[in-house]
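K.L.:
Use the sequences and the hints to build the structure in full.
Those sequence lines, one after another, are chains A and B.
The first sequence lines up with residues 1 to 459 when you count with the numbering used here.
The second sequence lines up with residues 1 to 62 when you count with the numbering used here.
Keep in mind that the hints were calculated from the coordinates and are not lab data.
Note that the structure is a prediction, hence the values are computed from the model and not measured.
Idealized CB from N, CA, C, for every residue including glycine.
Where hints are given, some of them may not hold.
To be verified - Computed beta-carbon distance windows for the label pairs:
#1 A:Ala346 with B:Gln17: 44 to 54 Å
#2 B:His20 with A:Asp85: 27 to 37 Å
#3 A:Glu391 with B:Thr4: 46 to 56 Å
#4 B:Pro22 with A:Gly418: 41 to 51 Å
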Amino acid sequence: MKPFELSISEAANLISKKELSPVELVNSVLDRVEEVDSNIGAYALLTADQARKDAKLAEQKVLDGNPLGALHGIPFALKDLIDVDGLPTSASSRVQEGHVAQSSATVTQWLQEAGGILTGKTHTHEFAFGLTTPQTGNPWHFDHTPGGSSGGSAAAVAYGGALAAIGTDTGGSIRVPAALCGVVGLKPTRGLVPLQGILPLAKSLDTVGPITRTVGDAALMLEVITGGSKAYAAALGASSQELSGIKLGVPINYFYDQLDSEIEQALHNLQKSLADTGIELVEISVPLTETIMPSQWGIMLAEAARVHYENIRSKPDHFGEDVRLLVETGSLLPAQDYLMAKEAQARLQKGWPSMFEHVDALIVPTVPTVAARRDQDVFDWPNGIQEPVVEAYVRLNAGANLTGIPAITVPIGMHSTGLPLAAQFIGPNHSEMLLLRIGKAAESLTGGAKPLAQNAQIS
Amino acid sequence: MIPTYTPELITELARRQMLHLPEERLELIAATLTHVRTFIATLDATTQTSILNKEADLDETL
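P.N.:
This is how it looks when you write it as structure tokens:
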């Protein structure tokens, strides 16, 4: 196994025992990036020279016997919406040309204080306003999308171009790319991780969270980006075995309605395996699902138009066509539409907690089908329905953004097309620990930590 | 009832918002705004249903 293939916990363990040097690890990751990223396009900016310097310092700290942070010597990437002092925050947009951040985002500071080594900034769908990340290919199959908007982050983690990355999630933008690239993605409870220093998309829906190769690593990253307020990783190690008594809701409406048959089968198999561990499966009707998509659009369009108020008037030609159309349309949306969407959001925020009085969490698909081709606009379902790719990817995720609750996606196997399959667990506010425990069980029941994307070198 | 937006109506709305829209974009924006507003308006129907349900509950209580 090469160093870039290690999980964070494996690498940190070897570093602490002086069996792996941060220099060796960072060089291995940077070599991997050099080998495959010209094909995949995950990185918008590689900070290789600085990373090598930081790795040298990290190595010296180990040799000196200094206390080490949780991420000491671990290479990580940041979605290019997140500020790093002295670096541009491109948002993968020409609108940001010439921008240089004057300070680092809180999450950047905390990751670096924990000893993490920044390898670079990863591509996002422009301003996080989309689900495909056109600059980036899926490491499992280059002709397919990695999803978005944190597509560069998920792709980099999936091929070994970073041991972890940070993404943002406004309507599934961590979970969708993580699912499509076969890695773990955690959208925390809204407000748990600070958004300071991160370009917003829709301020009342935005969240920031980790993308990793294992559930254990997601716990570790969450611990760091919440300022170390809770020992998620240690608690996960201690408590993950005992699952009996947990009530896992299996929705009888909406979430399984329009779904690829192999994903459906994989989820049924996983449900049975989880039930065998002592988890109780409970059929449940999820309330107000018909309001999810219209309220998501009503809020996201209006709030994004507010964020880009100046830019859409001063340099509209600098936006990509799809994002420009959305921002222009949002700029003309009447206030009453936004308010109607906010009222619907308030109903969801009242209705979904009631559901969690009956179950501890939900098990649902993250995406209804595997990664679309990069030139694909719609999915053709067997019943004749055509569904836009964006709608298909958002519809199973946006509920967690509107209500603010946490959700985790975990890879659970491979589709016959050779693309990854995923399961999503959604819980009430601040149920991250429970979701990590269930996620770890799902990971274990489906073969443990998943391999790196093996086709990444094939263009 | 959501109006079907026309390029002329979009021009007027954009002027009020101090948003410059080139003529060749007006049709597309009109169609998109019509579509989006019609979709968001489905929330109105769900609100009405919810109110009616509450009224029915109230009737039963009475």
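K.L.:
For every hint, state whether the structure bears it out.
P.N.:
Okay, the hints, checked on the actual structure:
{"no.": "1", "hint": "A:Ala346 with B:Gln17: 44 to 54 Å", "result": "27 Å, violated"}
{"no.": "2", "hint": "B:His20 with A:Asp85: 27 to 37 Å", "result": "35 Å, holds"}
{"no.": "3", "hint": "A:Glu391 with B:Thr4: 46 to 56 Å", "result": "22 Å, violated"}
{"no.": "4", "hint": "B:Pro22 with A:Gly418: 41 to 51 Å", "result": "43 Å, holds"}
Hint compliance for this structure: hints 1, 3 are not met, and every other hint is.
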